[in-house]
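Chemist: Here is what each chain is made of, one letter per residue.
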Amino acid sequence: MTHSIQVKDLTLNFGAVSVLKTLNLDVAEGEFIVLLGPSGCGKSTLLNCLAGLLDITDGQIFIKGKNVTWAEPSDRGIGMVFQSYALYPQMTVRGNLSFGLKNAKLPKEEIDKRVARASEILQIEPLLDRKPGALSGGQRQRVAIGRALVRDVDVFLFDEPLSNLDAKLRSELRVEIKRLHSRLKNTMVYVTHDQIEALTLADRIAVMRGGIIQQLDAPQTIYNRPSNLFVAGFIGSPSMNFLHGATVDGGRAFLFGDTRIDLAGYDGGAVLERSKAILGLRPEHLHIQMEPEAGHTIPALVEIDEPMGADSLVWLKAGETQMSVRVPVERRLAPGTHVHLKVDISKASIFDTASEQRV
Amino acid sequence: MVDASVNAMAGPRGSKPQRRFSSRNLMLYGTLIVVSLYYILPLWVMVMTSLKGMPEVRLGNIFGPPLEVTFQPWVKAWSEACTGLNCDGLSRGFWNSVQITVPSVILSIIVASVNGYALINWRFKGSEVFFTILIFGSFIPYQVMLYPMVVMLREMGIYGTLTGLVIVHTIFGMPILTLLFRNYFASIPEELFKAARVDGAGFWGIYFNIMLPMSLPIFVVALILQITGIWNDFLFGVVFISKADNYPMTVQLNNIVNSVQGVKEYNVNMAATMLTGLVPLIIYFISGKLFVRGIAAGAVKG
Amino acid sequence: MATSSRGARVFRNLNAKIAAIPMIFTAVVVFAGFSVWTVVYSFTNSKLLPKANFVGLDQYERLWSNSRWLISIQNLMIYGALALVFTIVIGFVLAVLMDQKIRFEDTFRTIMLYPFALSFIVTGLAWQWILNPQLGIQNVIREMGWTSFTFDPLNNPDLVLYGLLIAGLWQGTGFVMCIMLAGLRGIDEDIWKATRVDGIGTWKTYIVVIIPMMRPVFITTLVLVAAGIIKLYDLVIAQTSGGPGNASQVPAMYVYSYMFQAQNLAQGFAASTMMLLTVLIVLIPWAYLEFGGKKNG
Chain A
1 MTHSIQVKDL
11 TLNFGAVSVL
21 KTLNLDVAEG
31 EFIVLLGPSG
41 CGKSTLLNCL
51 AGLLDITDGQ
61 IFIKGKNVTW
71 AEPSDRGIGM
81 VFQSYALYPQ
91 MTVRGNLSFG
101 LKNAKLPKEE
111 IDKRVARASE
121 ILQIEPLLDR
131 KPGALSGGQR
141 QRVAIGRALV
151 RDVDVFLFDE
161 PLSNLDAKLR
171 SELRVEIKRL
181 HSRLKNTMVY
191 VTHDQIEALT
201 LADRIAVMRG
211 GIIQQLDAPQ
221 TIYNRPSNLF
231 VAGFIGSPSM
241 NFLHGATVDG
251 GRAFLFGDTR
261 IDLAGYDGGA
271 VLERSKAILG
281 LRPEHLHIQM
291 EPEAGHTIPA
301 LVEIDEPMGA
311 DSLVWLKAGE
321 TQMSVRVPVE
331 RRLAPGTHVH
341 LKVDISKASI
351 FDTASEQRV
Chain B
360 MVDASVNAMA
370 GPRGSKPQRR
380 FSSRNLMLYG
390 TLIVVSLYYI
400 LPLWVMVMTS
410 LKGMPEVRLG
420 NIFGPPLEVT
430 FQPWVKAWSE
440 ACTGLNCDGL
450 SRGFWNSVQI
460 TVPSVILSII
470 VASVNGYALI
480 NWRFKGSEVF
490 FTILIFGSFI
500 PYQVMLYPMV
510 VMLREMGIYG
520 TLTGLVIVHT
530 IFGMPILTLL
540 FRNYFASIPE
550 ELFKAARVDG
560 AGFWGIYFNI
570 MLPMSLPIFV
580 VALILQITGI
590 WNDFLFGVVF
600 ISKADNYPMT
610 VQLNNIVNSV
620 QGVKEYNVNM
630 AATMLTGLVP
640 LIIYFISGKL
650 FVRGIAAGAV
660 KG
Chain C
662 MATSSRGARV
672 FRNLNAKIAA
682 IPMIFTAVVV
692 FAGFSVWTVV
702 YSFTNSKLLP
712 KANFVGLDQY
722 ERLWSNSRWL
732 ISIQNLMIYG
742 ALALVFTIVI
752 GFVLAVLMDQ
762 KIRFEDTFRT
772 IMLYPFALSF
782 IVTGLAWQWI
792 LNPQLGIQNV
802 IREMGWTSFT
812 FDPLNNPDLV
822 LYGLLIAGLW
832 QGTGFVMCIM
842 LAGLRGIDED
852 IWKATRVDGI
862 GTWKTYIVVI
872 IPMMRPVFIT
882 TLVLVAAGII
892 KLYDLVIAQT
902 SGGPGNASQV
912 PAMYVYSYMF
922 QAQNLAQGFA
932 ASTMMLLTVL
942 IVLIPWAYLE
952 FGGKKNG
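Residue numbers (the numbering used here), protein chains in the order written: chain A, 1 to 359; chain B, 360 to 661; chain C, 662 to 958.
Bound conformation, chain A alone (with noise of 0.2 Å):
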């Protein structure tokens, strides 16, 4: 498999403070890498360290196999796209997108031609010699998408580019991008901290926190299998239920207060015996049911149901933990009501509660 980009060791500290902690990341051509992550957990910053407008504390990165620890933005090969559109607001469209190629000082057949290509791709022919004052959001994010693609290159950078768009617009670009990997097939990193956009998008996600990559996975496995409280914690909406309890019989049940489930059938490695286990189970892996089932099932109190279109979510209370749970819509359940949750443990997670990390 060739790299596309290699990090190896990066670190970065602004002063005492460390930013980027020892960050190992290989990306493969043509795949598509989503950052996720809270703010402040430095997925932007990391993308900052790979176009080389920050200058990295250790390590080395190597883009392409070349190594552009040291090089200027210019010389890495890359194309970035900012969440501001970043474009220069003097100059018209066709500008914007020469600009780069210019200072390049390329002939000015291959710039025409190059511009000529990337406005067909986006669709933005007639907007060429409007300012960017004159375009709308959209249209702003296309031309910024456009002057990534002039630059003719293997590997492009998008930070946040849908955040300051509106959520109709943002699936409509988000379509569009995708179409764009899929033919253009260019190595793609893409900061963002909507989960959406990166369970949609991306190859793999590398979830950040403090610096650090948590984990870095297929959609999927990130979203069945985290690897990590935090992880689990931070995909998905609502939030993944926790119970805290404890693993007994040698790793056979979980014990919830005082319910026992079983985790036979538990998709991970050996549950082994814990005085002190966290129980994940996302609301839409839980079903409501009037009948307790031994083994299978938690008592809960309904608190209030929020009806959202599609489906229905249900806030429940089991014991003093707040649990909610995803129903059809057409469920209603009055506050109060006394139900049991039936468990599908295949899609549980179990974690340890000192290592936080996924058994």
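Hints should not be assumed to be uniformly reliable.
So these bits of chain A aren't anywhere near chain B, every CB distance computed over 10 Å [unchecked claim]:
id, residue
1, Lys21
2, Gly59
3, Glu72
4, Phe82
5, Gly100
6, Glu273
7, Pro292
8, Thr353
9, Ala354
Chain B regions said to be covered by chain A (calculated; three or more residues, Cβ under 8 Å) [claimed, not checked]:
id, stretch
10, 562-573
11, 603-617
With a straight-line Cα cutoff of 27 Å, these simulated BS3-like cross-link-like pairs (lysine-lysine) come out [unchecked claim]:
id, chain 1, residue 1, chain 2, residue 2
12, C, Lys762, B, Lys648
13, C, Lys678, B, Lys375
14, B, Lys484, C, Lys678
15, A, Lys168, A, Lys64
The hints are simulated quantities; they were obtained by calculation from the structure and are not laboratory data. Values in this document were obtained by computation on a predicted structure and should not be read as measured data. By construction, the Cβ of each residue, glycine as well, lies at the ideal position given by its N, Cα and C atoms.
Add chains B and C to chain A, keeping to what the hints say.
Modeler: Frame of chain A; chains B and C shown alone:
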């Protein structure tokens, strides 16, 4: 009215009546007008006095308009008023001031805008420290730095010359202008700068192609600030110009009006004062809100 | 690798560093270096030329026993205190009046601010003429019938500072009004809505809510006005030339005359060092409040 008490739907309805001549408004506008008179008065008196002949001035009614309008005092102030042995009027000082102001304004703005740009987008180790010293330095009384400055310029062989004064204005104008540009450049999204770097533009490329075209308003503000500031300067003119022939307008004006020789010609003095104040006044009235923005930007620390 | 990368970085930002040379020069050589030089040479007995012949505090003893200096300092303190209080009070009151959603706001502001565009020389000369005892205000009012009316501050040693003050306020209050107005406009509209709902009167809102919220604006204005007052020079030169007698002398004039006229350099250095000290007394508490507080908060 009888209906109103019966019908529950009656009572206030529609837009609330505005009392234009309320006592509050009378007091408000009354105060503002009286205050405005205090501010207008000197300008009025200067203009009126400068349009009267000396016999009329001696009658004493400084607030009254001239019975007979004459422009003779203006002509005399411009081309005949004496300072010491020179009797070619304020025109000499005017042209000196032009020669001082134009290069000083240009040089100081170029230097300060590049400073501000480097401070925001190309921070290097210690750059903020130098900037802090610069800002605190702007509070140091000039008197503390005057003499060493004289020594330095003398060593360079430009003490007393126009070039020397231009450098002095550039140096002492630097804190406020650098602050002005730094704050403005800070408001330009950093992503624009990053995009330009990805596009391969360097220090000067980004300055000329991206920053400069986006910053015209702040250049105008700086221009206003500097033209009025340098035109109005007195201290540096006195200290750093050695030949009386080269004095800027303010210094020459003071020498004309406060000279102890001869009979005081108040009308000529006021015409001379008006002439000296005219350049900043014109700038002020033309620039309007930009002037306000300039001083506010200068006043608010970064 | 760390060392070689650092080596590369020196050249990486080279253009920026070259461009910053004038700033570095100004900050280090002029503002820091020249000030230290002057302070050091204030301990010498330099006369016509600076000589490193140190005589301890001699110059300061001479300074503080010179009646002209004592008058200068006294004048600066009286003028400074009055100017500071009046500029800020008048500036704020005017800003409040301007903030009442009045008509012709631009016109009023133009009128109040134009003196700020004029030099102190022009200001001083204009007011010198208006306050002229034979032909100015005093004469106008006497001709209106009050023959015993006396208002001749520029020729009365006891009142001359007030004559300067009238001109100084005329020139500077519009500027302070503008800063204060900007401060008032910067206050969240919702604050006003909240006080209306709570039924707090307009004037009470200003005193209880707005003024405390504008503390940073007041402090900045205070520092700016104070720094300007300490530099006070041109206005006095134009309006009174320091007279009558020595009654309106200020420190900046003392410095100038010893440094450039009396050829007693070290005495001028000592006086300017005292000016620097005065500024530091104003500046250090402000810097502490402004920047020291941030580290804790």
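Chemist: Hints first: check each against the structure and report whether it holds.
Modeler: Hint-by-hint comparison with the structure:
1. For Lys21(A), the requirement that its beta carbon stay farther than 10 Å from each beta carbon of chain B is met, with the minimum near 23 Å.
2. The beta carbon of Gly59(A) sits about 21 Å from the closest Cβ of chain B, which is more than 10 Å, so the claim that it is off the interface holds.
3. Chain B draws Glu72(A) into its interface by the beta-carbon criterion, the shortest separation being 7 Å against a cut-off of 10 Å.
4. Interface exclusion of Phe82(A) from chain B breaks down, the closest Cβ pair being 4 Å apart, not more than 10 Å.
5. Some Cβ of chain B comes within 10 Å of the Cβ of Gly100(A); the nearest lies about 3 Å off, and the non-interface call is violated.
6. Every C-beta of chain B lies more than 10 Å from that of Glu273(A), the closest at about 53 Å, which supports listing it as non-interface.
7. Remark: the non-interface label on Pro292(A) is consistent with the geometry, its nearest Cβ contact in chain B lying 57 Å away (cut-off 10 Å).
8. Once the 10 Å rule is applied to beta carbons, Thr353(A) is consistent with being away from chain B; the minimum gap is 42 Å.
9. Consistency note on Ala354(A): stated as away from chain B, and its beta-carbon is indeed over 10 Å from all of that chain's, at 41 Å minimum.
10. Remark: the stretch 562-573 of chain B is confirmed as covered by chain A, as 5 of its residues place a Cβ nearer than 8 Å to a Cβ of that chain, reaching the required three.
11. Coverage of the stretch 603-617 of chain B by chain A is violated [criterion: at least 3 residues with CB-CB distance below 8 Å; count 0].
12. For the given pair, Lys762(C) sits about 17 Å from Lys648(B) by alpha-carbon distance, which is consistent with the 27 Å threshold.
13. Among the hinted pairs, Lys678(C) with Lys375(B) is inconsistent with the structure: their alpha-carbon atoms are about 63 Å apart, more than 27 Å.
14. Between Lys484(B) and Lys678(C), the direct Cα distance comes to roughly 10 Å. Compliance with the 27 Å bound is thereby established for this hinted pair.
15. Distance check on the hinted pair: Lys168(A) and Lys64(A) sit about 36 Å apart at the alpha-carbon level, beyond 27 Å; violated.
Of the numbered hints listed earlier, those contradicted by the structure are 3, 4, 5, 11, 13 and 15.
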